[in-house]
Amino acid sequence: MTDQNTPFEPNQFLDQLIEEMGLQNEAPEKVEVLKEKMAQTLHDRLFEAASEAIEPEVIDAVMDEQDEEKELWTFILELLKRSPAAQEAMTQALEDFRAETLEAFEVLSKTD
Amino acid sequence: MAEAAKRTDIKEPEEDLLIQTERLIQEALDALGDDDKIDRDELMGAKMALQNLIDANPSLEGRINIELSKIIIARDRNQIGKLVANISVAREISGRRDQLGKEIRATLLSIREGVKNALISRSIENLHASDGDKIRTVFDSFKPVTTATTIAPLSLAPTTSIFGMAGTDDGATVSTSLSGTPAAPVTGPAPSPTSGTPAAANDPLFGGAAEEASADEAEDVTDSEFLSLRILKYIDENGSITIETFIEVLKAESKDIDGATVEKVLNDLVDEGYLAKEGNEWKAAPSDEDSETDDDEETEWEEDDDERKAREKEEQEELMQEFIGEIVWGKRGPVAQAIIKVIREHPTADFEELKAFMENPAVLSAKRAAELQEQLEKDEDELASIAAKIKDLNEDMKAKELKNKEEIREKRSALRERELNLKKDIRSNKARLSGLSNVQEGKDREYDSLESQLIMINFYFSEKSDKPQKFKTILEESQKAIQKEERAEANRSIWGKGFFEKVGSIFRPTLASTLAVIHTKDDELGALSKTHFMALNEVADKDKGIQLWLKKMKTADGKKIEKAEKMEMYVPKIIAHLEIALYEGRSTKINPLSIEYTRSLLSQLRKEVRGYSMDKAKKTEGGTLNKLDAYFDSLNTIHENKNEVSKDVVFGHATKQKVKASLTGGLGTVVSGGATYLETLLGPYLAGAAAGGLLGGYLTVKSFFVKDPEVKYKYRKWAFRSAVLPALMLGATGPLGVTGYAAYTALAALGTAGFFVPNLIKHRKYLGGDKATESAANDADYKKEASKPAQAA
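Protein chains in written order, with our numbering: chain X, 1 to 112; chain D, 1 to 793.
Same shape as in the complex, but just chain X (with noise of 0.2 Å):
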């Protein structure tokens, strides 16, 4: 588990969800493509929630601050460090996706 105070590892976190489904002694290379596609639905989920939740405010006011010319990307990550509704909802989907990914794993591990 990640420590309390260190900043979200996607490493980490799904490496860690791999072992909590006892898959982490799979052949690497195939752990590695599912870690990918987990890692893709994880992003989803995480600006999926994120956009649900921002609040429009912190849009403006980081419009306000921020040099237009900046990436996209720069200012997305700026609109999430400012807004604590977008945290709080991409830290219950990081909960949401751990907890649907185990019990997906329940499932199918019982279909065999």
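Simulated from the structure, these hints should not be mistaken for laboratory data.
Keep in mind that a hint or two might mislead.
Claimed, not checked - On the chain X side, residues computed to face chain D include the following (Cβ under 7 Å):
| no. | residue |
| --- | --- |
| 1 | Pro7 |
| 2 | Ala39 |
| 3 | Gln40 |
Glycine is no exception: its CB is placed at the ideal position from the N, C-alpha and C atoms.
Given chain X, work out where chain D should sit, using these hints.
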């Protein structure tokens, strides 16, 4: 006058002083720069400098004060320009100072006091009532001939009158000037309106014409002129005059003038509206009474009165503005508004006094308190005596015969009524006394508080009104006024948000109209049965509603749809549209009434997607790892399909590539190149809605390029929100355009950016106590997790 004579002994060249005066005023003028308003401090500085000049040569004082008073009263750039011109004229005149004579100088000196007072109080009323004419006189005497012609006739009358007054203790000077410089008095043969132009021409101030006048004529005029002025002066001092007494007075001044001449002069003065005859006596004519004569001169003065009133009004308005400015300078908000309002309700108030009161409430309150205290004591005494009387009457009642009792009873009830009234008065006066001390205390305690200033102002006006209120009432009223302004401000800010937001919240489409638009705009969804599609507006509230809806999904011509097609094409499309409508809805798109429903609908659809992916994975060959792969594949595919739809919807089919390119550039390019983009962005959801046309029209290409910075800012804001939300939703796949690895980098970036610390956020949530629905197990989990690093350490 001896003093004045002494002053003239000072050898300071008059010319130099005038030049200096001019320069000083010019400096004041220059200091104003382009600003039309005159800085009072500057003028006060100039005044101080002038004061030094005056100290050097007191004979100039009067004139300089007049100049200054004019400046301060006028407070107008043009006026100052005129004054500078006047001083120039005065400088020319000063070359003929001998002709002007000591009397003019004396006049200036005597005017000085009045002007000074007027200056100090800045009371225009005073200035005009007592000294206005005198000032006018001297001023007009400085004016170029052209302007002097109209005013000269009246101009010197009061002037010389004062000269006459000066003559009382400086007779020699007077007579010398009268006989020795006959031209001087000729100047203003004033009261005769017809003599206007010649008088001006003869004015020694404006040339030597007077010298050409015949000596006899001059003598005549001088006598009658002297008489009229002396009479005015006498009436000014004594109130009324009779011919006999005046002849005595003249004799005392060793002047021998017969009664007929005096009477003629008196009658002339009556005709001219200066005096009114009452029996044998003559008195000053009531100033406000319209003169019976209707020559041009009178008309002009009436006009002047109007002007004066207008000016006074202006001046009062200015004082009010100044006062408001001092109180609420740099402060905003409801309290300041309430203060402005209450002051504006009393435009005729004495703001000098109010200002003094604000600085030191004791000025008013001590006086008022003394009055109240006195009244209170008086009332209490009366109350005591009434009580005694009632007691007596009561005893009488017992002693007297029955027939007198009615009388006594009446007397007694009258006394009791008085007693009641007195008690009431005493109570209210006591309350007001405590109010006074409250104001004083409030001032001591928190003078800077705008609110306490409002209370003080209200208190002042209340005390000045016919019905002073209790302090408590004033407090309540002040509070109410503030609350009223607060409400008004809230309303203003709501309305101030502008048309777009207003319309946005009122006419924002509901989910039903949004669904209708989606069905029309999206060709593939349009292939579905509209009735069935519109049923989405209801199914989310029903048990298994969404599952049944998915099961029954069919095309417009009633054909069944494969499950994979439903889940991998239609559902992601619907999700994409709803997400946009919902996320945008946070700022623009969807009616608040529909938001929660749409959320629920979305989450149910997502759940269905997961269920479908799970089913698909179950059917996959191979081990758990393969099945998991399939599960995530399905999820990712559906999500990718959804993203494609989002991009299409958001950026529009036509502009898709272009905008996609600009997305990788920067947000600035997105927005600035974004009129079309914005239209396509808003288009699908607004066009079909009731107010869609309105909103769409409001955000057309044209309106996007408005010049008003505030409106522009608003558009820009909306454009940003509209651009950012979908961009955010697309995540890394938006700007970076690829899946898989890009997603991974984006996730890593979240971490390296350093702000996304899930455990900390969880901890914050945990401490905040929200999401009480979180299970205790979760809490335990958290504690376990939190303790881990500590153990590790």
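Give me the numbers of the hints this structure contradicts, sorted from smallest to largest.
none
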